[in-house]
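We have chain B; now place chain R with the ligand onto it with these hints.
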Amino acid sequence: MKMNLKTASFLGAAILTSCTLSAQSQSPAELNDLQIAHVAYIADNIDIQYAHLALALSENPTVREFAQTMVRDHNGVNAQALALLKKLDAQPQNNFLSESLQADAKGIINNLASLRGAEFDRAYAENELAYHQAVNGLIENTFIPNIDNAEVKALFIAGLEIFKAHEAAAKLMVSNVR
Amino acid sequence: MIANIWSAKVCRAVLGAWMLTLLVACTLTLPVTSSAFAESTNHLIEIKGFVYDPVTLNVNAGDSITWVNNDFVSHTATAVLASSQNEVSEVSNLQYWTTEEILPGGKETMLVEQSMILEYFCKYHPSMKASIARN
Ligand SMILES: [Cu+2]
Chain B
264 MKMNLKTASF
274 LGAAILTSCT
284 LSAQSQSPAE
294 LNDLQIAHVA
304 YIADNIDIQY
314 AHLALALSEN
324 PTVREFAQTM
334 VRDHNGVNAQ
344 ALALLKKLDA
354 QPQNNFLSES
364 LQADAKGIIN
374 NLASLRGAEF
384 DRAYAENELA
394 YHQAVNGLIE
404 NTFIPNIDNA
414 EVKALFIAGL
424 EIFKAHEAAA
434 KLMVSNVR
Chain R
-19 MIANIWSAKV
-9 CRAVLGAWML
1 TLLVACTLTL
11 PVTSSAFAES
21 TNHLIEIKGF
31 VYDPVTLNVN
41 AGDSITWVNN
51 DFVSHTATAV
61 LASSQNEVSE
71 VSNLQYWTTE
81 EILPGGKETM
91 LVEQSMILEY
101 FCKYHPSMKA
111 SIARN
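Line by line, the protein sequences give chains B and R. If you're matching positions, the first sequence starts at 264 in our numbering and goes up one per residue. If you're matching positions, the second sequence starts at -19 in our numbering and goes up one per residue.
Keep in mind that the hints were calculated from the coordinates and are not lab data. Please note: incorrect hints may appear among the correct ones.
What the hints assert, rightly or not - Distance condition first, Cα-Cα at most 25 Å in a straight line; then the derived DMTMM-like pairs of lysine to aspartate or glutamate:
#1 K109(R) / E328(B)
#2 K109(R) / E424(B)
#3 K427(B) / D33(R)
#4 K28(R) / E403(B)
#5 K434(B) / E99(R)
#6 K28(R) / E414(B)
#7 K109(R) / E430(B)
#8 K103(R) / E322(B)
#9 K28(R) / E328(B)
#10 K87(R) / E328(B)
#11 K427(B) / E293(B)
#12 K103(R) / E430(B)
#13 K427(B) / E81(R)
#14 K427(B) / E99(R)
#15 K427(B) / E414(B)
#16 K369(B) / E430(B)
#17 K427(B) / E80(R)
#18 K28(R) / E99(R)
#19 K28(R) / E430(B)
#20 K427(B) / E26(R)
#21 K369(B) / E389(B)
#22 K103(R) / E328(B)
Said to hold, decoys possible - Per the computed footprint, the stretches of chain R lying under chain B, defined by three or more beta-carbons under 8 Å from a beta-carbon of chain B, are:
#23 45 to 55
#24 98 to 112
Using N, Cα and C, we set each Cβ at its ideal position, and we do this for glycine too.
Same shape as in the complex, but just chain B:
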């Protein structure tokens, strides 16, 4: 229980750090479409990394089913995004938010990798819920209103639908492993 709380506050701190950093230096609202695409691609891949960790470490069927869905769906979204970028003949652009997301993820992965059994399952589930809430908030409130290209915007609207379903599934998983 103690470990669990510590893990949860660690994850919370990581998400908070990225928010504070971005507020101080640059704003996510100022990213252009190709930078936003880059953030989404990185965010997708981060969740795939978390999922692979869960598939390597967890024996809980609910956790494993969820992780398999994350790999399947985020790969599906990425394929769609890459197809659109190819069609638009555009390259995603690295930016401060992509970098801060990656830095946060590195810390979270190190922490998760040190946990085993029910402790891992709880930490993974809570992180998935927090992560999808944070990313969905970013997509809904900041990215979608600021995207210029109609096709890119449509892709993000469809993506948000998927990630909201993930958020709902993560909520179920959290209550399941508690």
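Showing chain R with the ligand alone in chain B's frame:
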């Protein structure tokens, strides 16, 4: 002019042969159609934006249901197993079923059985729920 008459004759011949074929075909297939297939329907359910449409479908045993996936991630249609003890005893005679993974742009078809579980969901996205109702 000659060509026209000739082609009209050919047309009549072809038409005649075609009608004869149709007549034979009808005679042969009609009894089969009316007895075995006339009452079974193939119902279509579209999955789009993480929603089954229609969300409730009326079916008869012997009908089939085809789920078409128009999202760009995979889904399933999977019977909901009752969780509480009471429900388990109540539905223990009902038959569990699930489709395979329904790929983006893909479809899966299932035959409606008399004793199948009526509530279903997506195994990958448990917040997606729908049901079938037997007439
Ligand atoms: Cu689904």
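To see whether the hints hold, each was checked on the structure:
This hinted pair checks out: K109(R) and E328(B) have alpha carbons roughly 17 Å apart, not beyond 25 Å. Between the alpha carbons of K109(R) and E424(B) the distance comes to roughly 15 Å, so the proposed pair stays at or under 25 Å and holds. As the CA atoms of K427(B) and D33(R) are separated by approximately 19 Å, the hinted pair is consistent with the 25 Å bound. The straight-line distance between the Cα atoms of K28(R) and E403(B) is roughly 20 Å, inside the 25 Å bound, and the hint therefore holds.
With a CA separation close to 21 Å, the supplied pair K434(B) and E99(R) stays within the 25 Å bound. Straight-line distance between C-alpha atoms of K28(R) and E414(B) comes to about 18 Å, which keeps the hinted pair within the 25 Å bound. Straight-line distance between C-alpha atoms of K109(R) and E430(B) comes to about 16 Å, which keeps the hinted pair within the 25 Å bound. With a C-alpha separation of about 18 Å, the suggested pairing of K103(R) with E322(B) holds against the 25 Å cut-off.
For the proposed pair K28(R) and E328(B), the alpha carbon gap of about 22 Å is at most 25 Å, so the pair holds. For the hint linking K87(R) to E328(B), the alpha-carbon distance of about 22 Å falls within 25 Å, and the restraint holds. With a C-alpha separation of about 24 Å, the suggested pairing of K427(B) with E293(B) holds against the 25 Å cut-off. With a CA separation close to 15 Å, the supplied pair K103(R) and E430(B) stays within the 25 Å bound.
The straight-line distance between the Cα atoms of K427(B) and E81(R) is roughly 20 Å, inside the 25 Å bound, and the hint therefore holds. Under the criterion of a C-alpha separation no larger than 25 Å, the hint pairing K427(B) with E99(R) is consistent with the structure, at around 22 Å. Proximity of K427(B) to E414(B) is assessed by CA-CA distance (about 20 Å); at most 25 Å being required, the pair is judged to hold. For a cut-off of 25 Å, the pair hint linking K369(B) to E430(B) stands: about 21 Å separates their Cα positions.
With a C-alpha separation of about 23 Å, the suggested pairing of K427(B) with E80(R) holds against the 25 Å cut-off. For the proposed pair K28(R) and E99(R), the alpha carbon gap of about 19 Å is at most 25 Å, so the pair holds. For the hint linking K28(R) to E430(B), the alpha-carbon distance of about 18 Å falls within 25 Å, and the restraint holds. Restraint check: the Cα-Cα separation between K427(B) and E26(R) comes to about 20 Å, which is no more than 25 Å; the hinted pair holds.
In summary, the hint linking K369(B) to E389(B) is supported, as the alpha carbons are separated by about 17 Å, within the 25 Å threshold. For the hint pairing K103(R) with E328(B), the CA-to-CA distance comes to about 8 Å; that is within 25 Å, so the pair holds. Using a Cβ-Cβ cut-off of 8 Å, 4 residues of the region 45 to 55 of chain R lie near chain B, which meets the minimum of three, so the contact claim holds. A count of 6 residues in the region 98 to 112 of chain R with a Cβ less than 8 Å from any Cβ of chain B is obtained; the coverage claim is therefore met, three being the minimum.
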